[in-house]
Amino acid sequence: MTAAKGNNSNIYQKIRDTIASVHSHVSKKRPDEAWAYAPGLDFWEKRCRAAETGEKIVWHNFTTIPEPFYAFDLLPINCDPMTAYMARFPNIRLSKWVDISQQYVPDHVCAYDKNLLGLALSGDVPQPAAMVGTAGQPCDSALTIFPAVAEHLGVPYYEIDIPYWKDERTTQYVAEEMKGLLSFLEVLTGESLNMDKLCQAIEYSNRAHELHHDIHLQRMHVPCPLPTRFLMFDGALMNSQVGSPDAIGYLEKLRDMGRNNIKKGVGAISEEKTRIAWVHLPIMFDTQIWDFIEEAFGAVVVQDILTNFKYIPIDTSSLDTICRGLALRELNMTMGFEVRGPAENLFEVAINMARDFKVDAVVFGGHTACEQSWAIAQLMKDVIYDELGIRTLIFDCDGLDPRVLTSEQLKPRFISFLETL
Amino acid sequence: MDTLNKLIGASNSLGNHYIEEWKQQGGKVVGFFGSHIPEEIIYAAGLLPFRVRPVGCNQTREADVYMSNVNCTFAKCCLEHALGDKFAFLDGLVSMNSCDHVRRLYDIWRLKSPVPFMHFLSVPHLTHKRAINWYRDELAIFRDAIERHFEVSVTQDNLAHAIALYNRTRSLLRQLSDMLKKDIPPITGREYLSIVLAGFSIPKEQYNQLLEELMKEIKGRKPDVRYKTRLLLMGSAFDDSNFAQVIEESGGLIAADTLSFGSRVYHGILKGHGDPIGELAEFYLKQPGCPRMADKANERLDLVERKIEEFGINGVIYQRIRYCNLWGGEAFLTTKKLEALGVPFINLEREYYPTALGTLRTRIEAFIERMSK
Amino acid sequence: MITAGCDIGSLTGKVVIMEDEELISKIIIPATPKATQTATHAMDLALKEAKLDLDKIDYILGTGYGREKIPFANSSVTEISCHAMGAHWALPTLRTVIDIGGQDNKVISVDDRGKVKDFVMNDKCAAGAGRFLEVMAAALGLKLEELGPIGLESKEPAIITSQCTVFAETEVVSLIADDIKLADIVSGINKSVAERIISQVKKIRWEKDIAVTGGVGKNTGVVSFLEAALEMIKRVPVDPQLVGAIGAAVIAKDLLTDGVQN
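Protein chains in written order, with this note's numbering: chain S, 1 to 421; chain F, 1 to 373; chain X, 1 to 262.
Chain S on its own, in the form it takes in the complex (with noise of 0.2 Å):
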């Protein structure tokens, strides 16, 4: 068992801190924008304040979804974005955690997990009360690591048994394990199940999801009504804050946004000459590269991996359609279903994402360590290619770590790709 240091600039206020001068900074520069950090920002500083409101903080893994947590009051953090604010962030970066892991694991390991679990060593993170996890996706490095952080922490552990298949089979098993999930926070908080707060989470997540379902098709306009860095945001908060209010505002803005643009005629960018689907994880030490491609050829991330959901609106009516409907939304998450199961899934989501979205080229890359996809990025460029007729770029790097590849170094893989499209 090992307990935190004390609560003097943990990783969560710096990221909280981080997140407010950069809000404060938007605030003066593009004031019109401040409003996408403020959801970000209220996350932070709640969890900051976890301390003192006596609120749990559950730790779970990028595919777990978040509303079961919110229904019981706890806190939850998806630890995966809050390794890509740590990378995004100067000031924070990985380095140091990464380091301390590779004392036990091998490089190779997935440096999201790695992160964490340097995290756990170190004690630079107030201790979870939890941690729940799935297994099956996203991958081999999550399925070793999370449970060995709670074993090694001592705290408590649910793990999601996701299956291979998406058949109706399938979501009866998973809609078991969701009870199970609810069960295991009823031990957790010595709370009973409380059907109308669990009802509430899922109208605020059914909410969000409907608004971001409005975003998600505005994203097929051409030319594209909303900037390609705004899908950094949408990621995070779709899998960390649906399930409470929170989210709902950022949505709403975001959507109005789009429906302005598109009654305007216009795009996120004086003009769209190229517009790309990026079916891989962001680069996120470096978010810029997006706006590189923007500035230099006019070339629009229209849509992501990670925000590319999947709208699976959850009926209310009981405890088994609440199940039901979280065991199709588990099933469908983002970078979950795409490398789960067999590469037709992959293939499939990202065909539709190119159709879909008009796009003239794909681009695969963003993070090294996946090493089920990477196994068939040949194979789905192959696919595409037939049954569209469009490039898909392959370069690899490790997202989270500029130490494997730069941002310069990255850089004339784009041109090379965009100049020869």
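Among the hints, erroneous ones may be present.
[Claimed, not checked] One side only, chain S facing chain X, incomplete, derived with CB under 10 Å: (1) 35; (2) 324; (3) 378; (4) 381; (5) 412; (6) 416; (7) 419.
[Unchecked claim] Calculated from the model, a selection of chain F residues having no Cβ within reach of chain S, i.e. all distances over 10 Å: (8) 24; (9) 58; (10) 241; (11) 291.
Hints in this document: simulated from the structure, not taken from any laboratory. Note that CB positions come from ideal geometry on N, CA and C, so glycine has one too.
Please build the complex by placing chains F and X on the supplied structure of chain S, with the hints as guidance.
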């Protein structure tokens, strides 16, 4: 030691004359992966189960067209062989979601060089009741698919017979492995691992006979295996007798292992009646040792501790294939455990094919020297 | 119209000057760590050879690893486009170009106008590039240019399984210790590079005619293994190392005729 040589020979080649005879007599062969797929179902269908190993692969030129430079060489070598028709003798293939690399291997294999019968099992990562029931259903679907494709019947009796046969194998292999507990064992660890490997491609009736003969020969053998230290070998897919030789020539007896190509094959005995499919589901799901099982980390650590105790182990070789994230992640708790037990260990990264045996040898020799002091 | 292409790579710097797409001067020099220095020196030599002053050149296009550091270039384009165009200029029937440079390799599929249709690139590690051969040559005490002819003497190439240059060097050293014939070791090294390339080629919809450019294209051993797998490898009728610079000079002419300001 005629039988021992027969078995070692069978373990070192991709095909062998047992498979050739089987095929000549009209028999069919079904390849499988990992330690969670019940061979008994395949055997009960009158088919020969063949544990897929890309023996003899030393480059992955064709596989590299599809798989990337972050995929493990075991999977890439299997793919290389598949694309090069080296597994042309397979009439069927059954795989599972054992790890990211092997499941993608299956995808590419079925899309680029399909085998007449291909089936995939979704094996749970947990072992609770619901998971066992799920796996039971998966295995029933598998049995039905085999029956349809190969036009055979997998009856309760067939299954009971197969289970009894495999129980016998497990019991014999257990006896063999226990011999390595002795101070001066009659066989080396390398020989023992080769014996286990041979079993993955020999019909079990014949294999059991060979094992019985082997036992007799061993009884007649004067135990004379010398070593400096007793080691436990654990980690990624390991079927490399050259590497095992390097370890033993350096003075380290591989007295015990937790390998999937090793002692994992016999963790218990099945009853074989009642609901054999259900019993197989539970038995194979609970197969200890594979880090894909998310609720079994402590059990794996206990297994390591038990083996250390029972086999008088002085040190542990934790080897992992580069890009194996299961054994990569597992290294964290295992390291902590071994440190807590005060057992010396070495964490070795390798490729599936022994490319740099020279550097491995140096590291192993240094490790053994350290322990011998 | 006089144009120049300036290709600054990791191992060499190349400049060509063309008048109306005819070569009037060509220079290859070893690279220094400072790309600007390499570029300036190569250009000086090229101008001398052509008996021209710098201001007589209508457009200078830079390419290669150091393309952003060429002070006298009007603009730059990536080596992918330049190699495609250069190969097309040299052999209009070419449809697939394999460029094996100092630290990376590229396979480019081109159309009948010399434009890129698709490409794959491996620059993550040195295996499959000139650096691999350099390291191995040094380990064997040989000159780089000896690897081709010596390797061709072998009937049974040694097996080198390491994909990593560092480990492959260790393997080679152990092969020497095991008294494997030198020709077989060298052939194994050449084969190793060729196999990396063949995997890359099969990732694109490659078509004949196919040719090899870049420094490693001069290694007859590597090329013979490529030919064995890919059938006829056409020879580019210019020094393969110059293809990038030639392509740059040709593209420079296109840019000029498209009305780009000098």
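To see whether the hints hold, each was checked on the structure:
1. At a threshold of 10 Å, the smallest CB-CB gap from residue 35 of chain S to chain X is about 38 Å, leaving the interface hint violated.
2. With a cut of 10 Å, the hint placing residue 324 of chain S at the interface with chain X is violated, because the nearest CB-to-CB distance is about 42 Å.
3. Nearest Cβ of chain X to the Cβ of residue 378 of chain S: about 6 Å, under the 10 Å cut. The hint holds.
4. The interface hint given for residue 381 of chain S is met, as the beta carbon of that residue sits about 8 Å from the closest beta carbon of chain X, less than 10 Å.
5. For residue 412 of chain S, the interface hint holds, the least distance from its beta-carbon to any beta-carbon of chain X being 6 Å, beneath 10 Å.
6. About 4 Å separates the beta-carbon of residue 416 of chain S from the nearest beta-carbon of chain X, less than 10 Å, and the hint is met.
7. With its C-beta approaching chain X no nearer than about 6 Å, residue 419 of chain S sits inside the 10 Å limit, and its interface hint holds.
8. Residue 24 of chain F, annotated as away from the interface, keeps every beta carbon of chain S farther than 10 Å; the closest lies near 35 Å.
9. For residue 58 of chain F, the shortest C-beta to C-beta distance to chain S comes to about 21 Å, beyond the 10 Å cut-off, and the non-interface label holds.
10. A cut-off of 10 Å between C-beta atoms confirms that residue 241 of chain F is not in contact with chain S; the least separation is 25 Å.
11. Residue placement check: residue 291 of chain F does not keep its beta carbon more than 10 Å from all beta carbons of chain S (closest about 6 Å).
Going through the hint list in order, the structure does not satisfy hints 1, 2 and 11.
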